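K.L.:
Chain residues, written in single-letter form:
There are 2 protein chains.
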Amino acid sequence: MVVKSKRQKKADEQLAAFGAEIVEDIAAVRPPKLRVPSRSTSNIFYDKKNRYFVLGDKHGIRSAANVKQVKKIAQTLCVADFCKELIDTSKFATLREMYYTAEGWDAGSFNDQGESDVIVEDLESMFGVKREDLGLVPEEDGAAVYGQLVVKEGDAIIDATKAGRGGYTIPPTIDDVELTKCKAKRVIAIETMGMYHRFVQEQAWKTFDALIVGLKGQAARATRRFLKRAHDDLDLPVYIFTDGDPFGFHIGMVIISGSAKLAYINHELAVPDAKYIGVTASDIVNYKLPTDKLRELDIARLKQLQKDPRYNTKFWQDEIKKMLEIGKKAEQQAFSKYGLDYVVKEYLPAKLKENE
Amino acid sequence: MVVKSKRQKKADEQLAAFGAEIVEDIAAVRPPKLRVPSRSTSNIFYDKKNRYFVLGDKHGIRSAANVKQVKKIAQTLCVADFCKELIDTSKFATLREMYYTAEGWDAGSFNDQGESDVIVEDLESMFGVKREDLGLVPEEDGAAVYGQLVVKEGDAIIDATKAGRGGYTIPPTIDDVELTKCKAKRVIAIETMGMYHRFVQEQAWKTFDALIVGLKGQAARATRRFLKRAHDDLDLPVYIFTDGDPFGFHIGMVIISGSAKLAYINHELAVPDAKYIGVTASDIVNYKLPTDKLRELDIARLKQLQKDPRYNTKFWQDEIKKMLEIGKKAEQQAFSKYGLDYVVKEYLPAKLKENE
Numbered sequence: 132m133v134v135k136s137k138r139q140k141k142a143d144e145q146l147a148a149f150g151a152e153i154v155e156d157i158a159a160v161r162p163p164k165l166r167v168p169s170r171s172t173s174n175i176f177y178d179k180k181n182r183y184f185v186l187g188d189k190h191g192i193r194s195a196a197n198v199k200q201v202k203k204i205a206q207t208l209c210v211a212d213f214c215k216e217l218i219d220t221s222k223f224a225t226l227r228e229m230y231y232t233a234e235g236w237d238a239g240s241f242n243d244q245g246e247s248d249v250i251v252e253d254l255e256s257m258f259g260v261k262r263e264d265l266g267l268v269p270e271e272d273g274a275a276v277y278g279q280l281v282v283k284e285g286d287a288i289i290d291a292t293k294a295g296r297g298g299y300t301i302p303p304t305i306d307d308v309e310l311t312k313c314k315a316k317r318v319i320a321i322e323t324m325g326m327y328h329r330f331v332q333e334q335a336w337k338t339f340d341a342l343i344v345g346l347k348g349q350a351a352r353a354t355r356r357f358l359k360r361a362h363d364d365l366d367l368p369v370y371i372f373t374d375g376d377p378f379g380f381h382i383g384m385v386i387i388s389g390s391a392k393l394a395y396i397n398h399e400l401a402v403p404d405a406k407y408i409g410v411t412a413s414d415i416v417n418y419k420l421p422t423d424k425l426r427e428l429d430i431a432r433l434k435q436l437q438k439d440p441r442y443n444t445k446f447w448q449d450e451i452k453k454m455l456e457i458g459k460k461a462e463q464q465a466f467s468k469y470g471l472d473y474v475v476k477e478y479l480p481a482k483l484k485e486n487e
Numbered sequence: 132m133v134v135k136s137k138r139q140k141k142a143d144e145q146l147a148a149f150g151a152e153i154v155e156d157i158a159a160v161r162p163p164k165l166r167v168p169s170r171s172t173s174n175i176f177y178d179k180k181n182r183y184f185v186l187g188d189k190h191g192i193r194s195a196a197n198v199k200q201v202k203k204i205a206q207t208l209c210v211a212d213f214c215k216e217l218i219d220t221s222k223f224a225t226l227r228e229m230y231y232t233a234e235g236w237d238a239g240s241f242n243d244q245g246e247s248d249v250i251v252e253d254l255e256s257m258f259g260v261k262r263e264d265l266g267l268v269p270e271e272d273g274a275a276v277y278g279q280l281v282v283k284e285g286d287a288i289i290d291a292t293k294a295g296r297g298g299y300t301i302p303p304t305i306d307d308v309e310l311t312k313c314k315a316k317r318v319i320a321i322e323t324m325g326m327y328h329r330f331v332q333e334q335a336w337k338t339f340d341a342l343i344v345g346l347k348g349q350a351a352r353a354t355r356r357f358l359k360r361a362h363d364d365l366d367l368p369v370y371i372f373t374d375g376d377p378f379g380f381h382i383g384m385v386i387i388s389g390s391a392k393l394a395y396i397n398h399e400l401a402v403p404d405a406k407y408i409g410v411t412a413s414d415i416v417n418y419k420l421p422t423d424k425l426r427e428l429d430i431a432r433l434k435q436l437q438k439d440p441r442y443n444t445k446f447w448q449d450e451i452k453k454m455l456e457i458g459k460k461a462e463q464q465a466f467s468k469y470g471l472d473y474v475v476k477e478y479l480p481a482k483l484k485e486n487e
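These protein sequence lines are chains A and B, in that order. 132 is the number of the first residue of the first sequence in this note's numbering; add one for each residue after it. 132 is the number of the first residue of the second sequence in this note's numbering; add one for each residue after it.
It cannot be assumed that every hint is accurate.
Since copy identity is lost for identical chains, a pair holds within one copy or between any two.
Stated by the list, open to error - Cut-off 25 Å, straight-line C-alpha distance, at most; resulting in silico cross-link-like pairs (DSS-like, lysine-lysine):
#, residue 1, residue 2
1, K293, K222
2, K283, K445
3, K222, K468
4, K312, K293
5, K459, K419
6, K135, K337
7, K293, K283
8, K293, K337
None of these hints come from the bench; they were simulated from the model. Please read all numbers here as calculations on a predicted model, not as lab measurements.
From just these sequences and the hints, can you work out the full model?
P.N.:
Written as C-alpha cells, this is what we have:
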C-alpha cells in the first residue's frame with residue numbers, strides 16, 4: 132500500500148475536486164472554466180508585512196467554450212491527471228519527463244517545454260501548492276548539509292555527520308523527509324562549496340553548534356524549502372554567508388525574501404528572518420580583504436538592487452552605497468590571506484556576536 | 132597524531148626530496164634548476180596502447196640563474212611548502228584559497244589565479260601525482276552514488292543505500308576514502324540527475340546489481356577517479372549513459388580516454404575499458420525517440436569528434452556519421468515517451484545484454 136504524506140493527501144484531494152468540478156460541468160453541458168491567478172508583473176507585489184513578493188487578486192478565466200483556449204484546457208487536465216497518477220503511485224517525475232510523456236497524450240503534445248512548464252505553474256498558483264507536492268521535481272539536487280541533524284527518508288535514517296564529507300544531500304523531494312532529531316542551534320548557509328568544505332574541515336559545525344549548508348551558488352528550491360523548515364519547524368536562526376558582490380547579496384536575498392518570479396509560492400520558500408552576515412562592503416574595508424574591481428555589470432546590478440523593495444532597509448542601502456563608493460568586491464575565500472582557519476576562528480564568531 | 136595515507140606519504144616524500152635538492156644546490160652555491168615536463172600541444176600524444184592522452188618527453192628547464200625565471204621558481208617553492216604543510220597537518224585547501232594565501236608570501240603574490248594554478252600543474256607533472264594528493268582540492272564535489280557500496284571516510288562509515296535519495300556524494304578527497312564493501316556487480320554512470328533519480332526511484336540499483344552514479348554533466352576529477360577505482364580496485368565494469376548529442380558523447384569519452392589538457396595525469400583518471408551504452412544515433416532511430424534538430428554547433432562538434440583519435444573506432448565513426456545523416460539528437464529523458472519506467476525496464480536490459 133502506498134502511504135501518502137499530509138501534503139500529498141492535500142494535493143491529491145485538490146486534484147480530485149478539480150476533476151470532479153470539470154466532470155460536473157460536462158454532465159450539465161456547461162463548458163468548463165478555469166480561474167488562473169495572473170502571474171504578470173502587474174499582479175506581483177512586495178508584501179511589507181510578510182517581507183516577500185506575493186500575487187495580487189487578478190485572475191484570468193480560461194473557458195472551454197473559447198476555441199483558442201480549449202487545447203490548453205485539455206492539456207491542463209492531462210497534466211493534472213499525470214500528477215494525480217504520480218501521487219497515487221508515490222512516484223515523482225521531472226518537468227522534462229512530463230514534457231516527453233505528453234508525446235502520447237490525446238490533448239496533443241507541446242511544441243516546447245516552456246509550454247508544459249507554464250501549465251504546471253498554472254496548477255501551482257491555482258492550488259497554492261508547490262509542484263513538488265504534485266510529484267513534479269526539479270532535475271537537480273539541493274544543497275549539502277553537515278551537522279547534528281538526523282533525517283528519515285522512507286525507511287532510511289540519515290545522520291548528517293555520518294554521510295561523508297560531502298554531507299547529506301537535500302533531495303528534490305525534501306518535504307517528504309522527516310527532520311527527526313536536531314541538536315544544532317543555528318544554520319549557516321554558505322554560497323560556495325570551497326567555503327563549505329573549509330567549515331566542515333575546521334569543525335565549525337561542532338564549535339558553533341551549526342548545520343553547515345553548502346548552497347552551490349543560487350539556492351535550489353529544495354534548499355530554500357529546507358532552510359524554511361529548519362527555521363519554522365526546528366526553530367533555528369538562519370545565517371547566510373556569501374561572496375561580497377551583488378550576486379552574493381542576491382543569493383542571500385532570494386533566500387530571505389523570495390523572488391518575484393515565484394511570488395505565487397514564496398509563502399512556502401521565503402525565510403524573512405534569515406540574516407545576511409557577509410561578506411559586506413564594510414567587511415571588505417574592516418578586514419582589508421584582497422579585492423577585485425567592480426565590473427560594469429556589478430555596478431549596474433548594485434544600482435538595480437538599490438531600487439529593489441527587498442533591499443529597502445538601512446543595512447542594505449548603506450552596504451550597497453559603500454560597495455559602489457569603494458568600487459570593489461571580495462570573495463569568501465579572500466579571508467585565506469590571514470590563514471585557512473581565520474574565517475572560522477575570527478570572522479565567524481565576530482559576525483555571530485554582532486547578529487545574535 | 133596525524134595518520135597519512137600511502138598517497139600522502141609518497142607526495143610528502145617527493146616534496147621533501149624536492150626541497151632537499153634545492154637546499155643542496157644553494158649550499159653548493161649552484162643556482163637551483165627545475166625540470167618541468169612540457170604540457171604544450173606539441174608534447175601531448177594519444178597513446179594507442181593505453182588508449183588515452185599522455186605527455187611526451189619534452190621538458191623545460193627553469194633556472195634561478197635566469198632573472199626572468201627566479202620569481203616563478205620562488206613561487207613554486209612556496210607552493211610546494213604550502214602543500215607540504217597541508218599534508219603534514221592532514222588539511223586540504225582549494226586552489227582559490229591558496230591563491231589568496233599567497234598574498235602573504237615573500238616570493239610575491241600572483242596577479243591572477245591562472246598564475247598560481249599553472250604552478251600547481253607544474254608540480255603535478257613534475258611528480259606525476261594529482262594535486263589532490265598534494266592537499267589541493269577542487270571546489271566542487273563529485274557525483275552522487277547510490278547502490279550497494281560501503282565506504283569509510285576517516286571514522287565515518289557510509290552505506291550508499293542509506294545516505295538518502297541524493298546518494299553518497301563523492302568528496303574532492305576521494306583517494307582518502309576506503310571502498311570497504313561492495314556487493315554491486317557493475318557501475319552505471321549517468322549524465323543527468325533527472326535520469327539518476329529515475330534509476331534510483333525504479334530501483335535499478337537493485338535489479339541490475341549496479342552502483343548508479345549521477346555525473347551532473349561533465350564528470351568532475353573526483354568522479355573520474357572514483358570510476359577508475361571502481362574499475363581497477365573493485366573490478367567492476369563501467370557503463371556510461373548520456374544524452375544522445377556530441378556533448379553527451381564527449382562526457383562519455385572523457386571518462387574513457389581522458390582529456391588532452393590533463394594528459395600529465397590521465398593514468399590516474401582514464402577508464403579505457405568503460406563502455407558507452409547510449410543514447411546513440413542508432414538508438415534514436417531504433418527507439419523512434421523524440422528529437423531536436425542538430426544545431427550548427429552540434430554539427431561542427433561532431434565533425435571535430437570524427438577527427439579526434441579517441442573516436443577512431445568503427446563504433447564511434449558509424450554513430451557520428453549516422454547522427455550527421457539523420458541531423459537529430461535526443462535526450463536521455465526522451466524515453467519517457469513510452470512511460471517513466473521504460474528506460475529501466477526495456478532500454479537498459481537490452482543495452483547491457485548487447486555490451487556484456
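K.L.:
Would you list, in rising numerical order, the hints stated earlier that this structure does not obey?
P.N.:
2
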